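A.B. asks: In my numbering, the protein residues as written are 16 to 171.
Don't take every hint at face value.
Per label pair, the in silico range of CB-to-CB distance [claimed, not checked]:
1) Pro120 x Ser17: 22 to 28 Å
2) Gly152 x Ala99: 19 to 25 Å
3) Glu169 x Arg125: 28 to 34 Å
4) Gly155 x Ser109: 29 to 35 Å
Derived by calculation from the structure, the hints in this document are not laboratory data.
On a predicted model such as this, the values are computed, not experimentally measured, just so you know.
We put the CB at the ideal spot given by N, CA and C, even for glycine.
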Amino acid sequence: MSLRVGVGVDAHAFEDGVPLVLGGVGFEASRGLAGHSDGDVITHALIDAVLGAAGLGDIGSLFPSDGSTPVGISSLDLLRDAVARVRAAGYAVSNADCVLIGEEPRISKRRAEMVDALSAVVGAPVNVRATTTDGLGFTGRREGLAAQAVALVESR
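Using the sequences and the hints given, assemble the complete structure.
C.D. replies: Here it is, written out as structure tokens:
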């Protein structure tokens, strides 16, 4: 058995009038995250982590922000595709851990929904956590959100 680790990072600016989706779950908010897809930074970071662990590139190379990737596509659909590629390469995701970085929204009441949504697609435990930057940087100024993720895959 061979174990491999991948790390993913993503960030998006807030945009008025756009739905806010985090970890595959919609949040009631006056603004969401700008992006070609639904802008879900947690899921995007997770996609890069699982792809990186399997040595399969990154979200931008597989799902570019052009006509080949549908505008507004659910990031869960992109994650489903990425996990299928990881499996086709002979790996299975063992587990993953994701951290949302930002001052808002507070995710504690919706964390279980995000964990369930991501774990169902990945087929393994996915943890979701959050932290603030205590007012520092673009996330601290409430200009956007960032996320980091790490994934462990094992050869099958």
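A.B. asks: For each hint, tell me whether it holds in the structure or not.
C.D. replies: Each hint, compared with the structure:
1. At roughly 39 Å, the beta carbons of Pro120 and Ser17 sit outside the given window of 22 to 28 Å.
2. Take Gly152 and Ala99: their Cβ atoms lie about 35 Å apart, and the range 19 to 25 Å is violated.
3. At roughly 30 Å, the beta-carbon separation of Glu169 and Arg125 lies within the given 28 to 34 Å, and the hint holds.
4. The hint said 29 to 35 Å for the Cβ distance between Gly155 and Ser109, and at roughly 33 Å that hint holds.
The structure fails to meet hints 1 and 2 from the earlier list, while all remaining hints are met.
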